[in-house]
Amino acid sequence: MSIRDEINYRCQEKRLHRLTLGIPGAPEPRAIWVAPEIERLLVGPWRNKKQAMRWGRIRNDLESFIQGDLITVPQELNRAKSHYMARLIRPSSPEVWEIRCRDPKPSVRIFGRFADRDAFIAFRWWPRRLLGGFGDRAWRTASVQCTTDWRNLFPSYDPHSSEDYPNGYISGSVVI
Amino acid sequence: MATSLAPSLSEIAEGAPIPAATLAYFQERLRNRLHQLVLREFVRQEGANGLTKAALALRLGKRPEQITRWLGAPGNWTLDTVSDLLLGMGLEPTFGMKNVIEARAVSSAAEAAPLPQTFTQVQNIQPMVPDEVHVIGYGFRPRPATRPGAGTVTDLLRRQPPAPARAA
Numbered sequence: 822m823s824i825r826d827e828i829n830y831r832c833q834e835k836r837l838h839r840l841t842l843g844i845p846g847a848p849e850p851r852a853i854w855v856a857p858e859i860e861r862l863l864v865g866p867w868r869n870k871k872q873a874m875r876w877g878r879i880r881n882d883l884e885s886f887i888q889g890d891l892i893t894v895p896q897e898l899n900r901a902k903s904h905y906m907a908r909l910i911r912p913s914s915p916e917v918w919e920i921r922c923r924d925p926k927p928s929v930r931i932f933g934r935f936a937d938r939d940a941f942i943a944f945r946w947w948p949r950r951l952l953g954g955f956g957d958r959a960w961r962t963a964s965v966q967c968t969t970d971w972r973n974l975f976p977s978y979d980p981h982s983s984e985d986y987p988n989g990y991i992s993g994s995v996v997i
Numbered sequence: 432m433a434t435s436l437a438p439s440l441s442e443i444a445e446g447a448p449i450p451a452a453t454l455a456y457f458q459e460r461l462r463n464r465l466h467q468l469v470l471r472e473f474v475r476q477e478g479a480n481g482l483t484k485a486a487l488a489l490r491l492g493k494r495p496e497q498i499t500r501w502l503g504a505p506g507n508w509t510l511d512t513v514s515d516l517l518l519g520m521g522l523e524p525t526f527g528m529k530n531v532i533e534a535r536a537v538s539s540a541a542e543a544a545p546l547p548q549t550f551t552q553v554q555n556i557q558p559m560v561p562d563e564v565h566v567i568g569y570g571f572r573p574r575p576a577t578r579p580g581a582g583t584v585t586d587l588l589r590r591q592p593p594a595p596a597r598a599a
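Heads up: the protein sequence lines correspond to chains S and A, in order. For the first sequence, my numbering assigns the number 997 to the last residue and increments by one with no breaks. For the second sequence, my numbering assigns the number 599 to the last residue and increments by one with no breaks.
The following block holds chain S by itself, in its conformation from the complex (with noise of 0.2 Å):
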């Protein structure tokens, strides 16, 4: 049994759910998985207009990652302070990338690990200011979150691991 084969009977447990693109029939050479959490998030109801507003636009920066548009990653893994749409935490982290959704505030970053190459799956979102300055110690609370959901979730199975970085991970990138 395969990965893939683990993460379809995660979405029939409801415990992951494939996230699509709007437009039916454009290709999706990327693929996203999101906890429950996330999910509820995206689809709504939200609280008030402000949460509408984030998380309509995060639906967005999501399907970017899924039609294969062109996504940016930083040269170096320590540069917090830069502008670019995704990042491996190491190595602070283990195998755990944020997806960083920065404007309008707040701020938004959500954790998950890559299944694949170009498989990504989501477990947990945090606000920007909640998690202090890189390296502080909400960092490494995600971090552990997101290895935790992933030992729950996928108990024999490691994350996907590359040292093609970032090309191992998300096919499209660019250093910035």
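For the record, the hints were derived by calculation from the structure and aren't laboratory data. Note that CB positions come from ideal geometry on N, CA and C, so glycine has one too. Hints are supplied without guarantee of correctness; some may be wrong.
Label-pair distances were calculated between CB atoms; the ranges are [as the list claims (entries may be wrong)]:
no.	chain 1	residue 1	chain 2	residue 2	range
1	A	M528	S	Q833	38 to 46 Å
2	S	P915	A	V474	40 to 48 Å
3	S	S983	A	R494	31 to 39 Å
For this one, chain S is given, so just place chain A on it according to the hints.
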């Protein structure tokens, strides 16, 4: 279980007030598409002509870090940013629009249609886009070096009539 990322478009079809999440989704969609347009062109010119962020920064009178920030993510872009970046690469955008309701309907129909199995079926395929749907994507065209009929500054200077010779 699959979850579609696109919001419901029923309000748009009915002429009802559009929900905040739908507005935000399409705002971000436009921003991301413009970013992709510029980023793809930069990557293309980087490979083809050796364009660098430093060279682009020099052309635009900006610091290279600013170009890195702009290309990295579209967060703080304005319309002026798009214009500057494209012009720095010798381009300007061209425009078009499409009806989102009809575009989605056409895409859905295309997905629902069975794939042709035989050569005859392939020959009989009709275009899925009805004539009245005006679909034009985003694009850009190279900015002409000069307007038609005009020349470069050097040409214009050359065309100046010679100054009359002064009488001795």
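Do the hints match the structure? See the list:
1. A/M528 - S/Q833: 38 to 46 Å: With Cβ atoms ~41 Å apart, the hint holds.
2. S/P915 - A/V474: 40 to 48 Å: About 30 Å separates the Cβ atoms of S/P915 and A/V474, which means 40 to 48 Å is violated.
3. S/S983 - A/R494: 31 to 39 Å: With Cβ atoms ~33 Å apart, the hint holds.
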